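Peer 1: Take a look at the letters that make up each chain.
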Amino acid sequence: MQGSRLLSLSIRAYRLLLWLYPGEHRRVYGLSMTQLFRDQMHDAYGRGGVRGLAGVWARTLCDLAVTVPEEHARAATRGRWIRGSLYLLLAFALLSLTLWARRTPVHAALRTGKAVTAVAVSPDGRTIVAGTMFGGMHAWDASAAPQPYSFGQPDLSSIYSVAFSPDGRLLASGTPCGPLGCAQVWDASTGQLLRTIEEYSRGRQVIDRAGRAQVWDLPGDVWDVRFSPDGRTLALADTDGAIELVDVSSGQLVRALYGRSRASVGPAAFSPDGHALAASQDGLVLLWDVDSGNLVQELEGHTGRVSGIAFDPTGDTLASSGLDQTVRLWDVHTGRLLRRFDQDAYISSLAISPDGQLLASGDRENRIWVWRLVSGELLHIYRAHRWDPFDNGVLSLTFSLDGRTLVSGGEDGRVVLWDVPEE
Amino acid sequence: MAHANATPEEMIPLTPAVFHILLALADRDLHGYGIMKQVELDTHGKMQMGPGTLYGSIKRMLAAGLIEESDERPDSILDDERRRYYRLAGFGRKVLAAEMDRLSEALEVAGKKGLLDGPVPHTSEGGA
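Just so you know, the protein sequences line up as chains A and B, in that order. Position 139 (the first sequence) corresponds to 122 in our numbering; numbering is contiguous. Start counting at 1 in the second sequence, then tack on 448, and there's your number in our numbering.
These aren't lab readings, by the way, just hints derived from the structure by calculation. Treat the hints with caution; some may be incorrect.
Partner residues are not named here, just some residues of chain A that face chain B (Cβ under 7 angstroms, in silico) [stated by the list, open to error]:
no.	residue
1	Y12
2	M16
3	L19
4	D22
5	H25
6	R42
7	T43
8	D46
9	T50
10	V237
11	F253
Pair by pair, the computed Cβ-Cβ distance ranges are [what the hints assert, rightly or not]:
no.	chain 1	residue 1	chain 2	residue 2	range
12	B	E517	A	A56	20 to 30 angstroms
13	A	L362	B	R532	23 to 33 angstroms
14	B	L489	A	R369	45 to 55 angstroms
15	B	K485	A	S126	45 to 55 angstroms
16	A	T297	B	L489	49 to 59 angstroms
17	B	L555	A	D327	51 to 61 angstroms
18	B	K485	A	V11	18 to 28 angstroms
19	A	D26	B	E458	31 to 41 angstroms
20	B	K494	A	L320	46 to 56 angstroms
21	B	K560	A	L77	49 to 59 angstroms
22	B	R532	A	D327	36 to 46 angstroms
23	A	S358	B	E517	53 to 63 angstroms
From the structure, some residues in chain A lie toward chain B, with a derived Cβ separation under 10 angstroms [what the hints assert, rightly or not]:
no.	residue
24	L1
25	Y4
26	V11
27	C45
28	V49
29	E54
30	R57
31	S140
32	D338
Quick caveat: nothing in here was measured; it's all calculated off a predicted structure. Cβ coordinates follow ideal geometry from the N, Cα and C atoms, glycine included.
Extracted from the complex, chain A is given alone in its bound form (with noise of 0.2 angstroms):
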């Protein structure tokens, strides 16, 4: 909000605060003691800002508090003065409500009716969509008061992942495995079903960690699905234990990248550049080089499943959270750890702003904690998903590409859209 409004919106407010004073008080002094405020606010924000208009407000506040009974009380007004007290006692609390309002930025909140396991923002900030658990997949238009269309297809009941194509034409989700495949490549405009991906891995033999010969023989449903930055290949990361690399335009396999076990490939990502992937299994942070498909480090740390991954803009740090209540910061190029962020429930989703300033992470207890990248200074812990001891909390989280707008999908089915705060 720009000073000027900040300010002209104080003296308003202050002029029905001053509705809290006896009649004849305010009639003699109203307009002197809004003169008078006016003041001080012009003089604050020169000197201070915005910061000095809280300083002055505070103060006011104060100033309130004491000299309305004492008007009234002076008054011989002792109605008045009980209902004076009462107003008073209302601007505080609105005033309470409006600060708390300032620090949980919400700007909407949509409801799916099913626990939301994936969020995505289209590049150019017009469309969401949220995947669901057993309840398909949702579209909302992000505008000031957000509009649900219908996205998918009815029979595709739980989505594990969404992502839109860097140019914003295509959406591409992963699912269980079923009469859709395991991944489909959407229309982003229209939701017309364009491609379905089956499994490619299954009969493949890889030989694993201690040199024994496995044969990749079941079918892994997509944990995770992600476009290249060039937009030309999608890779799949699925429960059976591999990373297929996928021709977008043909919907050939172009490279599967394996793990050290058949457990769980996923949340996966791929690095700016488009030439590393990383990926997490078994607790372990697994990066590729994609175009030779060599696994090329293994990060070592995590003590509990990995729940997010990301890069940062410029390809160097890689950002891991996980059940065991961290986020880690990892140098790509030397595998050392960087940097570690304590919070103290299981955290399961994890963004990292396009600008590489902010990393918010969302945990089991429903919140969402948003921290300096580089410094590791926590700025804020927001609230707005229902809490319940039961859920898994907020399960994803996804930054608009202008950065200014978070989106955080939770088992409590809905999806908020957050104002970041500017800094």
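Using the hints, position chain B against chain A.
Peer 2: Here is chain B on its own, set in the frame of chain A:
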């Protein structure tokens, strides 16, 4: 605040707000914001009055005859015409003098008891 026909001695001690408003108006007429700024300056920012405190005090000081509204407008070219200026009334000047006497006596007692050593300057020496 005491009635308008009270003696200066009956008006003291003054509340901090009334004392500093009288002091601010001692050498010139000021409008509300001017008084507030002068008090802030005189007290090195320790006393910051809100509109309610200032105009509540002004109302009672007008009723007690300590100050009066001024017809002269020192900053009339720059100022909003609706601003009210205030000046020290004769009675107010006497009350301020009485309060200063009281404070001087208190300072004298404090000086005799060695309480003014250190950073507090002696007023009779023209300041530190």
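Peer 1: Give a verdict on every hint.
Peer 2: Hint-by-hint comparison with the structure:
1. Y12: holds (4 angstroms)
2. M16: At 4 angstroms from the nearest chain B Cβ, M16(A) passes the 7 angstroms test, so the hint holds.
3. L19: The hint holds - L19(A) has a Cβ within 7 angstroms of chain B, the shortest such distance being about 5 angstroms.
4. D22: holds (4 angstroms)
5. H25: violated (10 angstroms)
6. R42: Result: holds, 6 angstroms to nearest chain B Cβ.
7. T43: Constraint on T43(A) satisfied, holds at 5 angstroms.
8. D46: With a closest approach of 3 angstroms, the D46(A) hint holds.
9. T50: This hint holds: T50(A) lies near chain B, its Cβ roughly 3 angstroms from the closest one there, short of 7 angstroms.
10. V237: The hint is violated - V237(A) has no Cβ within 7 angstroms of chain B, the shortest such distance being about 69 angstroms.
11. F253: At 56 angstroms from the nearest chain B Cβ, F253(A) fails the 7 angstroms test, so the hint is violated.
12. E517(B) x A56(A): 20 to 30 angstroms: Once the Cβ atoms are compared, 25 angstroms apart, the range 20 to 30 angstroms for A56(A) and E517(B) holds.
13. L362(A) x R532(B): 23 to 33 angstroms: violated (46 angstroms)
14. L489(B) x R369(A): 45 to 55 angstroms: Check passed, 53 angstroms falls within 45 to 55 angstroms.
15. K485(B) x S126(A): 45 to 55 angstroms: 47 angstroms Cβ-Cβ, so the 45 to 55 angstroms window holds.
16. T297(A) x L489(B): 49 to 59 angstroms: holds (51 angstroms)
17. L555(B) x D327(A): 51 to 61 angstroms: 58 angstroms Cβ-Cβ, so the 51 to 61 angstroms window holds.
18. K485(B) x V11(A): 18 to 28 angstroms: holds (22 angstroms)
19. D26(A) x E458(B): 31 to 41 angstroms: Given about 37 angstroms between the Cβ atoms, the range holds.
20. K494(B) x L320(A): 46 to 56 angstroms: holds (50 angstroms)
21. K560(B) x L77(A): 49 to 59 angstroms: Between K560(B) and L77(A), where Cβ atoms are some 55 angstroms apart, the hint holds.
22. R532(B) x D327(A): 36 to 46 angstroms: Distance hint for R532(B), D327(A) is violated at roughly 58 angstroms.
23. S358(A) x E517(B): 53 to 63 angstroms: With Cβ atoms ~56 angstroms apart, the hint holds.
24. L1: Holds. Min distance 9 angstroms.
25. Y4: holds (8 angstroms)
26. V11: holds (7 angstroms)
27. C45: At 7 angstroms from the nearest chain B Cβ, C45(A) passes the 10 angstroms test, so the hint holds.
28. V49: holds (7 angstroms)
29. E54: The hint holds - E54(A) has a Cβ within 10 angstroms of chain B, the shortest such distance being about 6 angstroms.
30. R57: R57(A) check passes; min Cβ-Cβ to chain B is 8 angstroms, inside 10 angstroms.
31. S140: For S140(A), the interface hint is violated, since the closest Cβ of chain B sits about 61 angstroms away, which is over 10 angstroms.
32. D338: violated (39 angstroms)
In this structure, the hints that do not hold are numbers 5, 10, 11, 13, 22, 31 and 32, in rising order.
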